[in-house]
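2 protein chains.
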Amino acid sequence: MFVRPRLDINLSRILENYICFSNAKTNPDTQMGAVVKDNAYGLGDQAVADILYNQGGCRIFFVAHGFEGHRVRSVAPHADIYVLQGPGKEDIKYFAEDNLIPVIASPAQLSFWNREKPNRQKPAIQIETGLNRLGFRLCDIEALSEPERNQFGLVLSHLACADEPAHIMNQKQLDMFQKLTSFFPKAQLSLSASDGFMLGAAYQFDIVRLGAVLYGLNPVPGFSLKSRNVIQVTAPILQIADVYPGDCIGYGADHIVDKPGKIAIVSIGYGDGVFRSFYPKGKVWFESDGQMFGAPMIGRVSMDNLICDVSQIPTDILNKSQYVTLINDYYTADDFGADAGTIGYEVISALGHGIRFIRTYSSKF
Amino acid sequence: MFVRPRLDINLSRILENYICFSNAKTNPDTQMGAVVKDNAYGLGDQAVADILYNQGGCRIFFVAHGFEGHRVRSVAPHADIYVLQGPGKEDIKYFAEDNLIPVIASPAQLSFWNREKPNRQKPAIQIETGLNRLGFRLCDIEALSEPERNQFGLVLSHLACADEPAHIMNQKQLDMFQKLTSFFPKAQLSLSASDGFMLGAAYQFDIVRLGAVLYGLNPVPGFSLKSRNVIQVTAPILQIADVYPGDCIGYGADHIVDKPGKIAIVSIGYGDGVFRSFYPKGKVWFESDGQMFGAPMIGRVSMDNLICDVSQIPTDILNKSQYVTLINDYYTADDFGADAGTIGYEVISALGHGIRFIRTYSSKF
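These protein sequence lines are chains E and S, in that order. Quick note: the first sequence uses my numbering, first residue 1, plus one each step. Quick note: the second sequence uses my numbering, first residue 1, plus one each step.
None of these hints come from the bench; they were simulated from the model. No false leads were mixed into what you were given.
Which copy is meant is left open, because identical chains are indistinguishable; a pair holds if it fits in one copy or across any two.
Below, a list of computed lysine-lysine pairs in the DSS-like style, where the Cα atoms sit at most 25 Å apart:
| hint | residue 1 | residue 2 |
| --- | --- | --- |
| 1 | K262 | K179 |
| 2 | K117 | K93 |
| 3 | K179 | K25 |
| 4 | K262 | K320 |
| 5 | K89 | K320 |
| 6 | K364 | K89 |
| 7 | K259 | K172 |
| 8 | K172 | K186 |
| 9 | K172 | K262 |
| 10 | K364 | K283 |
| 11 | K172 | K25 |
| 12 | K283 | K320 |
| 13 | K186 | K117 |
| 14 | K93 | K122 |
Make the full structure from the sequences, and use the hints.
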């Protein structure tokens, strides 16, 4: 009799993914950084940074905020830690305390940084090459003096469509990156995250920022290397019940039963990060002897529970199952995301923020 | 220069909502419980329980899991704390330690409880009246002996369609509740959460479980009483930039600019609980002298950022604004939910689980 959902995180596989993609780089001088922002997409920034630093030799980490850098610093004493959202008043103290490197996103942030100067790190600069998100535009760069430009140790940009290798935007952004980085002849360069890395040598430059592929996501479906899934999400079955034609299932009586069947009530819901949009396309899974049996969602996801149709699950398997699986090697966060109308990144992040999981770190599930 | 999003939680309003709805009960003997499961929908279970217990006189709390009950017990020493998912092996110790009351959801849980018997509380029993979620069905109840039935102190069920007062399910579930509770002549009864409470005297019984309306949600749009919004979510503007026809905005180049305009890049994203589905219908807000100016989402939500079109925001307001507002009294979690294709409950829960907010508790925003 169990009641709490489980999130099992396989750190060895995160390490393995890091090594596997690092080994695939074209130029031996390209350095492979790890993106551990937002608590490593919810999976635990310190646990992830610790294994990549100590066992993977990773010496470059990317976080979004100063306080995240502070958390990572405690396990990665000699790494370069870049803060992608740049410096702000709330977290500026950590730049001094933890010797963090800001990624300056705008002229206003540059003024702020130069006024505060909390450490002697050469800042990085984010430049805008077509995503139209954060970064210096051409006009902003032209407005910088030469000494201002030369203060930067790294120039960074981000691709909008790297998950679609044939998209015309990729070449356009690459051209723009080369044009704009010519203003910074002394700086290192970084254009690509996981998906950009897969576009090949021309996109890899000095530093690649591996995020998605560390966490088992495969943003470019057809790519030759596969990131291995790193999480297993399971939830206890609290009850199995018979249903009859005309029975309504879940909130809003949204599903009406049309033939006799069986449902299982499972102890996980949107309070744990299972999106309500997972219904109606989603499935949960029964495992037996390596075989997977899908049980479709039936009725809306509640805060603490979901309901699935187990009419097609063989009785012996149903009787011996205490848990269902929501994510594993067979049905990954990417698959879950597709069925919920979103992407694997958002799935991991939402589940990763759940506070009710029994959370384990291990080398196996 | 700020970088982190803010979540300001108004505890006084949560108290005010509790008192306002408590005062609206039809029968003076009906007791008003507070649902504080899942960290009070993400807003802080101990802070919420503390104010309701000490200033609202609330003596009944509902949580989902034993460990949540443990957290609430520390601020509500003499309250009845009901655990809605029932007892499980993981959290059973808290039932002894904190004298929690299980809501037994199934015959299997009843066996488990009676075997463990961690305290002398009379357990509650959940019965199934039409939602087809957790609970004893008629056949399960009939299988109980009279002493077994008499061990329960409270019989509880849950409505599927109470947010639609005219829905035929409400009366059907009420009838079923009355039929099934006749098996438990000595127990107290609880059928309704916030929305069921609004269906009137017949649905209120001994205990009402107020959840949604504590947190500023109004699940029944036309109801005479309004729950006041209790949160303000704001996020810093990191950059404002000009855009030109043909420019692509955000991932997937999903939005293409058709006339010259301005965008703002805001430091909040799906890593903080802003659903990707908030694009394209969502808006963020600029406030000036009590007036609200909406800036539509433009381009997909990223993990750390979103982009909005500020072309229509008056220049003086744009220039003086450091933050945009995502949720406040004017544009509530319910409104946000509607634009994101979901409900306010899921919005609060997702944002409430964000770990990067500067989080404040105050009596004003």
